[in-house]
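J.: The listed protein sequences derive, respectively, from chains Z and G.
Mind the numbering: the first sequence is residues 1 to 253 in this note's numbering, read in order.
Mind the numbering: the second sequence is residues 254 to 582 in this note's numbering, read in order.
There's no promise every hint is true.
[As the list claims (entries may be wrong)] Once the Cα atoms are required to be at most 20 Å apart in a straight line, the calculated SDA-like pairs of lysine to any residue come out as:
(1) Lys119(Z) - Pro152(Z)
(2) Lys138(Z) - Arg334(G)
(3) Lys138(Z) - Glu472(G)
(4) Lys119(Z) - Thr177(Z)
(5) Lys248(Z) - Asp232(Z)
(6) Lys138(Z) - Asp473(G)
(7) Lys138(Z) - Gly471(G)
(8) Lys19(Z) - Ala207(Z)
(9) Lys138(Z) - Gly523(G)
(10) Lys19(Z) - Asn224(Z)
If you're looking for bench data, these hints aren't it; they were derived computationally from the structure.
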Amino acid sequence: MAFVCRDVTVNLGSTPVVKSVSLTIAPGEVVGLIGPNGAGKTTLMRATLGLLPFSGSCSLAEMPATSRARYAAWLPQDREIAWPIPVEALVALGRTPHGASISRLTRQDAEAVRRALEKADMWAFRDRIATQLSGGEKARVLLARALAQETPMLLADEPIAGLDPAHQIATMEVFNTQAADGRSVLVALHDLGLAARFCSRLVLMQAGRKVADGRPEDVLTAHNLAEVFGIDAYRVETADGLLLQPLKLAAKT
Amino acid sequence: MMAYVRLLVALGLLSLLLFVVSLLVGPAGVSPRLSLSALIFGDAGPLTLVMREIRLPRAILGAVIGAALGLGGAAMQGYLRNPMAEPGILGVSGTAALGAVLAIQTGLTATFALALPFAALAGAGVAVTLLLFLAGRRGGALTLILAGIAISALAGALTSLVLNLSPNPFAANEIIFWMMGSLADRSFLHVALALPFFALGACLILPLGRGLDSLTLGEDAAEALGVRIVRLRVLLVAGVAAMIGGATAVAGAIGFVGLVVPHLLRRTVGAQPGRLLFASALGGACMVLAADIAVRLILPDRDLKLGVMTAIVGTPFFLHLIYRTRGRG
Numbered sequence: 001m002a003f004v005c006r007d008v009t010v011n012l013g014s015t016p017v018v019k020s021v022s023l024t025i026a027p028g029e030v031v032g033l034i035g036p037n038g039a040g041k042t043t044l045m046r047a048t049l050g051l052l053p054f055s056g057s058c059s060l061a062e063m064p065a066t067s068r069a070r071y072a073a074w075l076p077q078d079r080e081i082a083w084p085i086p087v088e089a090l091v092a093l094g095r096t097p098h099g100a101s102i103s104r105l106t107r108q109d110a111e112a113v114r115r116a117l118e119k120a121d122m123w124a125f126r127d128r129i130a131t132q133l134s135g136g137e138k139a140r141v142l143l144a145r146a147l148a149q150e151t152p153m154l155l156a157d158e159p160i161a162g163l164d165p166a167h168q169i170a171t172m173e174v175f176n177t178q179a180a181d182g183r184s185v186l187v188a189l190h191d192l193g194l195a196a197r198f199c200s201r202l203v204l205m206q207a208g209r210k211v212a213d214g215r216p217e218d219v220l221t222a223h224n225l226a227e228v229f230g231i232d233a234y235r236v237e238t239a240d241g242l243l244l245q246p247l248k249l250a251a252k253t
Numbered sequence: 254m255m256a257y258v259r260l261l262v263a264l265g266l267l268s269l270l271l272f273v274v275s276l277l278v279g280p281a282g283v284s285p286r287l288s289l290s291a292l293i294f295g296d297a298g299p300l301t302l303v304m305r306e307i308r309l310p311r312a313i314l315g316a317v318i319g320a321a322l323g324l325g326g327a328a329m330q331g332y333l334r335n336p337m338a339e340p341g342i343l344g345v346s347g348t349a350a351l352g353a354v355l356a357i358q359t360g361l362t363a364t365f366a367l368a369l370p371f372a373a374l375a376g377a378g379v380a381v382t383l384l385l386f387l388a389g390r391r392g393g394a395l396t397l398i399l400a401g402i403a404i405s406a407l408a409g410a411l412t413s414l415v416l417n418l419s420p421n422p423f424a425a426n427e428i429i430f431w432m433m434g435s436l437a438d439r440s441f442l443h444v445a446l447a448l449p450f451f452a453l454g455a456c457l458i459l460p461l462g463r464g465l466d467s468l469t470l471g472e473d474a475a476e477a478l479g480v481r482i483v484r485l486r487v488l489l490v491a492g493v494a495a496m497i498g499g500a501t502a503v504a505g506a507i508g509f510v511g512l513v514v515p516h517l518l519r520r521t522v523g524a525q526p527g528r529l530l531f532a533s534a535l536g537g538a539c540m541v542l543a544a545d546i547a548v549r550l551i552l553p554d555r556d557l558k559l560g561v562m563t564a565i566v567g568t569p570f571f572l573h574l575i576y577r578t579r580g581r582g
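For reference, chain Z alone in the conformation it holds in the complex:
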């Protein structure tokens, strides 16, 4: 089953924040959602999950809540951990759509939690108190929580913000491993270099509209970078794919 959205429009109050966006994601894809602040990336993802009222149609939002939670995992941008609970219990929350209670995990659930913690490189932290971790460690624990859900689809909102370079790359590689297993990932990113390098496809948003959708080298053109982000970048297409380094603000036209 694929992720299909048609003409998704979201109004917050009377302001349209997402305007008629259509998007299809097939299994095996890592789709990077890029765009300046306020472009509507988070709102689009929340709407497609059915967390916001919207017009249009979306395959995820039409599912009943529990089946949706077994189909798609959501990693929000604000890394909230309200109580000082152990890391392992926090990650086990990802098993609740599968009928688990974090107080009593089956062997399969415990195995899924272990796999997720290992993928996020947080297994060594399993007995620590989640609220006492550093910001980057919390981000990885919450990633593990989403991975433990073991869903065919993962939606992540700026999951690598605030991570060190190694863990930024490791996280992007986890998404690629997920895709290699036939799952799909939709990830909002601000790091265009990593987006170009690790996403199989990019979707560019500006002021609520989708303005480009395709291979990284076709989306991150000099024209789009100047028009949408207002920057000039050094870009070179190599055998490994597009390399991109933002350089300076674009001249105002």
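Dock chain G against the given chain Z, drawing on the hints supplied.
T.: Below, chain G alone, put in the same frame as chain Z:
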């Protein structure tokens, strides 16, 4: 898991012990053996009457009301994700008190015995209707808190108005003493009145444990995990309101139990909000039973009020909580 079961067993045994001690404390000053045998085997004598009609309902109410306050506090803290939340934040205890005050002031209490608790329940009903209207379908935790604060403030102001305009000093006196909260001189009628509300509230709230666990990640993530937030909020508010309305109706306002007990037990349950529900219910029963024993032992002939006792014991814990969280951002 084992540690959690051990904790529940320990709290269960402690509340059972306090329940028995509560049965044995009283001005009659009879030996424990005689008291218990009079309670269990019974005869037509006055001791059986004291045990069955005075001390037994008092001990049952102590356990039930304590459990209601502890469970209500744990539920509110879990939902609001805030250790400073307590069941009174909904304004239900305030409006219940207002209902009771009106019943005393108008003299309804003199016409039939249960007028006071019924008026208090009506007050609680008004609060919960307003709450669900203001913060039911839309509007998240913040709307709920603000609505609760507004309702509390209004109820408090109206209560003060009644006291202010009271032409009868005896009624004013009665009102003030009633508001301090007490379990003295309650009968099985009170037990029969409070118990269904407690049972209803517990049935609504205890199954919400998993949803509250998921809320650790925030409302958005919990909803994406399949938690139906609106349903959870409505059930939780209705459950807490039923329990706290019932408790206030028969015992007056008993503060700090709902705030302190979940806080005290949080670490022992690994801070999991779902586990904290059961543990706090038992812990609340222990605290109120202990406080009710204390008021009878410390000043046996001065009718020391239960709500005064819990606040005096509770406030230092609250200060301790502030001391520990200060500087933690």
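J.: Taking the hints in turn, state whether each one holds.
T.: How the hints compare with the structure:
no., hint, verdict
1, Lys119(Z) - Pro152(Z), "16 Å, holds"
2, Lys138(Z) - Arg334(G), "18 Å, holds"
3, Lys138(Z) - Glu472(G), "17 Å, holds"
4, Lys119(Z) - Thr177(Z), "10 Å, holds"
5, Lys248(Z) - Asp232(Z), "5 Å, holds"
6, Lys138(Z) - Asp473(G), "17 Å, holds"
7, Lys138(Z) - Gly471(G), "14 Å, holds"
8, Lys19(Z) - Ala207(Z), "8 Å, holds"
9, Lys138(Z) - Gly523(G), "18 Å, holds"
10, Lys19(Z) - Asn224(Z), "19 Å, holds"
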